[in-house]
Amino acid sequence: MHLIFAIGVIFVVLAFRDSNYFEIDNLRVVLLNSSSVAIASVGMAYLMVAGGIDLSIGSIFVAAGFAAGDLSLHTSPVIAVLGGLALAGGLGLVNGLLVWRIRVSPIIVTLGTLTLIEGVVTVVSKGAGVYGFPGGFLSIGQATPLGVPTEIWLMIAFAVVAAIILATTTIGAHIYALGGNREASELAGVRVRRLTLGLFVFAGLAAGLAGIITSARFGVADISFGVDFNLNVITATILGGVAFSGGEGTVGGVMLAVIFLNVVSSGLIASGVNPYYSDVITGAALVVSVGLEQLTHERNDRIRREVALAEMLAAGGSDETAAPVGKSSRSFAALSPWRDR
Amino acid sequence: MTTGTRTTERVPVVRCVGLTKFFGGVCGLADVSLDLFAGEIVGLVGENGAGKSTLTKILSGVHSPDRGELWFGSERVGSLTPHRARMLGVETVYQTLELCDNRSAPANIVLGQEPVRFSVGPLKFVDRKAAARIAAERLSSFGTALPDSDVAVRRLSGGQRQAIAIARAMMRGNRLMTFDEPTAALGIRQKRATWDLIRRVASEGVAVLLISHNVDEVLELAGRIVALRLGRLTLDARTEAVTRDEVEAHMSGLAR
Chain A
5 MHLIFAIGVI
15 FVVLAFRDSN
25 YFEIDNLRVV
35 LLNSSSVAIA
45 SVGMAYLMVA
55 GGIDLSIGSI
65 FVAAGFAAGD
75 LSLHTSPVIA
85 VLGGLALAGG
95 LGLVNGLLVW
105 RIRVSPIIVT
115 LGTLTLIEGV
125 VTVVSKGAGV
135 YGFPGGFLSI
145 GQATPLGVPT
155 EIWLMIAFAV
165 VAAIILATTT
175 IGAHIYALGG
185 NREASELAGV
195 RVRRLTLGLF
205 VFAGLAAGLA
215 GIITSARFGV
225 ADISFGVDFN
235 LNVITATILG
245 GVAFSGGEGT
255 VGGVMLAVIF
265 LNVVSSGLIA
275 SGVNPYYSDV
285 ITGAALVVSV
295 GLEQLTHERN
305 DRIRREVALA
315 EMLAAGGSDE
325 TAAPVGKSSR
335 SFAALSPWRD
345 R
Chain B
28 MTTGTRTTER
38 VPVVRCVGLT
48 KFFGGVCGLA
58 DVSLDLFAGE
68 IVGLVGENGA
78 GKSTLTKILS
88 GVHSPDRGEL
98 WFGSERVGSL
108 TPHRARMLGV
118 ETVYQTLELC
128 DNRSAPANIV
138 LGQEPVRFSV
148 GPLKFVDRKA
158 AARIAAERLS
168 SFGTALPDSD
178 VAVRRLSGGQ
188 RQAIAIARAM
198 MRGNRLMTFD
208 EPTAALGIRQ
218 KRATWDLIRR
228 VASEGVAVLL
238 ISHNVDEVLE
248 LAGRIVALRL
258 GRLTLDARTE
268 AVTRDEVEAH
278 MSGLAR
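Top to bottom, those sequences are chains A and B.
Throughout the first sequence, residue numbering follows this note's numbering, covering 5 to 345 in sequence.
Throughout the second sequence, residue numbering follows this note's numbering, covering 28 to 283 in sequence.
Careful, some of the hints might be misleading.
Rough simulated footprint, nothing fancy, chain A against chain B, three-plus residues with beta-carbon under 8 Å [as the list claims (entries may be wrong)]:
(1) 44-58
(2) 102-115
(3) 120-129
(4) 149-156
Incomplete in silico selection of chain A near chain B, CB under 7 Å [unchecked claim]:
(5) 184
(6) 187
(7) 192
Hints listed in this document are in silico derivations from the structure and should not be mistaken for laboratory results.
For every residue, glycine included, the Cβ atom is placed at its ideal position computed from N, Cα and C.
Can you make the complete structure from the sequences, with help from the hints?
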């Protein structure tokens, strides 16, 4: 995948500028910074491959972190984590039900819940952060079993299991099918409603898990944590090869993209470049990858036209018309109304 | 081919009795009764809005009739859902084929009923080799072969895509297969190829309902012709017993 190549290039460039970059410590920091985005991106990737999207995960990230942190002040860490996850899953379910029931684009619906959830968190927290979590809760984010932070273990385990499930199980096959052609999936017997709701819940849970771990790691839950989160997750997902329209993408690709984006931004910082440039890079990466995806769509259309044309010519004669090659992929993330589908 | 005998003892695989369906104030179907028998190709003709697709959707569980009965074999079927219809062997092949363009032929054919290698709790791991084998078997019985079974179907020719769509439907469509305008946009050669496929499906003992606005096609393929007009059944006769003009007259309601 071109991302591996890109990461390799960046590594080489950075090694040139700062030979200290490859120290284990640095790499650990890169991975650590990546892990919350990575975990949430897995959930988002699942949802987007199926053709959906959830723009509110930034708020779910924050809300779950807040809830878990706050709960940890009153109950055991286990309850705190479960409470945070329950909230995250519940919010994901709400998103899913809204998208399902209000047949408006998920973009619009989740944009609404993004603001809604953020507002509620602000009101409940009165704008202040939550901190002072007990050691038991903090250890979730700060313990280092075998010298590796919990977050990284979680990220790796989560990503590996998710990748396997998406690639080799019937659920994975149904997710890809749903993203490719929703009607066909429904007609084929895929439980579209159940799968859709489940995916929204999963995306919420992933974002929530990331939020809880982040709260535990930093010992603080604050609204500001969620600010860039949405953009980073969606950028990583799309850069990782998940098509906005659904039906394409892998967990591995998304993981590489997360690491790539982090390598870029931390590398820039390590080289003394203005940290805001990393925003420029992230934004540019998003624009470029969406652009590439559109070009791929057009290429696919061209392939279809060529196939149809070749058929027509092979059959020879004007009484032959090319067979209809079917509608292009449809999804319930009905974005880009100006794009010919 | 189509069955020629008229045995009154045959139990229809699908029986519609007095099906009526309204959409708001518009009548979709009015008191339609129809029997479909195994191995028989029934041509369903009618103008746009005559009720053809309403009837198909009731048979496939998408709509439920406001009045009337539906029988599969000797069992009365109430509250049919698309899922249950499929389980009972009813499948439809649409003009647009409704394939998942991003997926391969085997993936499309086994969609919803993937062969499972093993399960871990709720997770079922797909047996891709078995899927490829099933796909190859079914496609080769249609005379279609795919050099590379992993390629996304969007890259395949129209003829291959149609074979895949029919192969998918035949996975479970062992009672009734409805073909909705199967050759509407095809050239002569592909029409004939599709007709062969349809005949092959019928020869496997499946009841075939062929919806077509092309009367020639219906006369060619069907053993029996049924016409709908404004929701009502106006003709149900063996093909050899009607003329082309009669069929068209029953479709359009024009007096001859």
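(message) Please list, smallest to largest, the hint numbers that this structure does not respect.
(response) 1
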